[in-house]
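Once you've looked at the hints, dock chain W against the given chain B.
Residue numbers (the numbering used here), protein chains in the order written: chain B, 1 to 350; chain W, 1 to 350.
You may find that some hints are simply not true.
Pairs count within a copy or across copies, as identical chains cannot be separated in the list.
[To be verified] In silico lysine to aspartate or glutamate, EDC-like type, Cα no more than 20 Å apart, as pairs:
id	residue 1	residue 2
1	Lys212	Asp294
2	Lys85	Glu233
3	Lys270	Asp241
4	Lys270	Glu233
5	Lys186	Glu176
These are calculated hints, taken from the structure and not from any lab test.
Protein chains: 2
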Amino acid sequence: MGGDHGAETVIGGAEIASIRHPDVRFLIFGDEATMRPVLDKYPRAAAVSEIVHTSVSISMDDKPSQALRRGRKTSSMWLAIDAVKTGRAQAALSAGNTGALMAMAKVILKTMPNVERPALAGLWPTARGESVVLDLGATIGPDAFQLVQFAVMGEAFARVIFSLERPTVGLLNIGEEEVKGTEQVKEAAQMLRSAGLPLNFHGFVEGGDISKGTVDVVVTDGYTGNIALKTAEGTARLIVDFLRSAMSSSLMSKIGYLFAQGAFRALAKKLDPRASNGAIFLGLNGIVVKSHGDTDAEGFAYAIDVAIDAAAADLVQKVAADLALLDGFQPTRGAQTPNSTTEESEAAVS
Amino acid sequence: MGGDHGAETVIGGAEIASIRHPDVRFLIFGDEATMRPVLDKYPRAAAVSEIVHTSVSISMDDKPSQALRRGRKTSSMWLAIDAVKTGRAQAALSAGNTGALMAMAKVILKTMPNVERPALAGLWPTARGESVVLDLGATIGPDAFQLVQFAVMGEAFARVIFSLERPTVGLLNIGEEEVKGTEQVKEAAQMLRSAGLPLNFHGFVEGGDISKGTVDVVVTDGYTGNIALKTAEGTARLIVDFLRSAMSSSLMSKIGYLFAQGAFRALAKKLDPRASNGAIFLGLNGIVVKSHGDTDAEGFAYAIDVAIDAAAADLVQKVAADLALLDGFQPTRGAQTPNSTTEESEAAVS
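Bound conformation, chain B alone:
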């Protein structure tokens, strides 16, 4: 029911994904009267989907606390996540309200041992392919140890999603020297260097390293990660707008555009934000994937790919096993930072 374009996006995405993944099956939570006519248009999706009817849905402007009050045990979002908890589904996906999704996912699935706050990890196009960047906005103001947890979780996700044995991990900072940056980042780097974790820690990386693909996993706090992501998206949009208006600025440029159409199509494909769609909440006892609200069926299908890859590779078990390696670390810092409450998460997600 969520996202800017509703059932068409979700069910159209299921249609595409069911071609790529013939074994996948979908539970589609929402209003049957809305869903059924759309599903009837997509025969492949219809063949592998079951509609689970509910008339309650979370709106895009509901605050997480409102969503939890109104949507508890009844809303399509709640029921989809709950299906992961009960084992009826292996992953939940939504194009809806991010804050509500995170709040519900935390309440239903709970955080794993050795995780205090979840992180939202996304794929970022780079010169070398793609990197994982986390946190993209789930946790504001994590401390050093929480950043270490993000590093461990992000590394596990990169292993799974990129089929890499030892992905490299970098901490986002304003310079590569050890004296630079916030206290949290400096302390996290020390922990990662000394923890004896089986983790390929590169050290600090800068903003420009993200799209260079200097490391496979870029770790940062949710405030910085969210701003970096939206700044990059905005920059890309601006340049594409400049390019578009340049190519239509004269007869010559229009002729040039015609000749180079194939190249522009290839470029558009490389810059297609839909291919990076699908951010995953890490640190919860189950897989929950967030699709951009304003994507289309093709974009939603990419988010489904992320969910399927994560589920097929037992990501939750892998993350949990890696986090267990932090057991020896936790006592040194104590438990000053409890998991954030719902009200905190309300402030934390964009």
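What follows is chain W alone, placed relative to chain B:
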């Protein structure tokens, strides 16, 4: 003596700037044996320049504390800033070591009343033209009141540099709602709303708003601002690389490129990072402008433009007058946050 290309960039830039600003005069600080032959190649610059010889220069890898020890009262960087203090120059420019430049500028020029930490403000290309973004890395972890100071200083700079009467000011955050973001950002927004300052406060803006040009002045902390800037630069580089390889990927695309050459030239001009060169330290009793280290003469000339515009418009006096409006504000928070020391600034600048 600073920057990646040394005297050629600086003196070549002076040549270009002296055409645009026939009244400008330059004091060029550095090794005369290096400077003189370069200056001899640029007749316009030579006619309006005087070399002030010193054999001491700060290297790009000197830490700020080292630079202060080694370069105090003798280095080209120190002498250039000192010329601003003594009134011999109206502005100092450097393409050298940013951290050293800030540390020296603070020691020599001191911060203004009502400013605890300086901010580095730069120009950011947007869909509407350009915006001012600050802080780009001078101050890590400013508190709410310091963000308010940045807002006041950035607004004054935007008035001067864009010739705007009432530039709009936004606080960078991860959403527009009041519940989102760090405590500092939320508190700063409240102060800006209630301060009764003659400042056109727009509220929160997100990463994507920077290149949209939603506001004329984007205020953030130095850690986030530095990462946002470098992320945007990296994104732009990646897209330009993609575009370049797309246009040379086939015979057809190469022919298309030939037809559209004019359009590509116009695009390259719009995306030229040199045009946004020149970040200014705000909050000091004098004008100090930092050029990118890896720019060329044309880029350095843009940084000279910033310095000249700021000096011609009495920016320092305007910033000081605006900051005086914060007089009533200061007591409510007390003076818990002293100006950062040199060692702190060493950690603070990228």
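Right, here's what the structure says about each hint:
no. : hint               : result
1   : Lys212 with Asp294 : between (26 Å within a copy, 18 Å between copies)
2   : Lys85 with Glu233  : neither (34 Å within a copy, 42 Å between copies)
3   : Lys270 with Asp241 : both (16 Å within a copy, 11 Å between copies)
4   : Lys270 with Glu233 : both (14 Å within a copy, 18 Å between copies)
5   : Lys186 with Glu176 : within (11 Å within a copy, 30 Å between copies)
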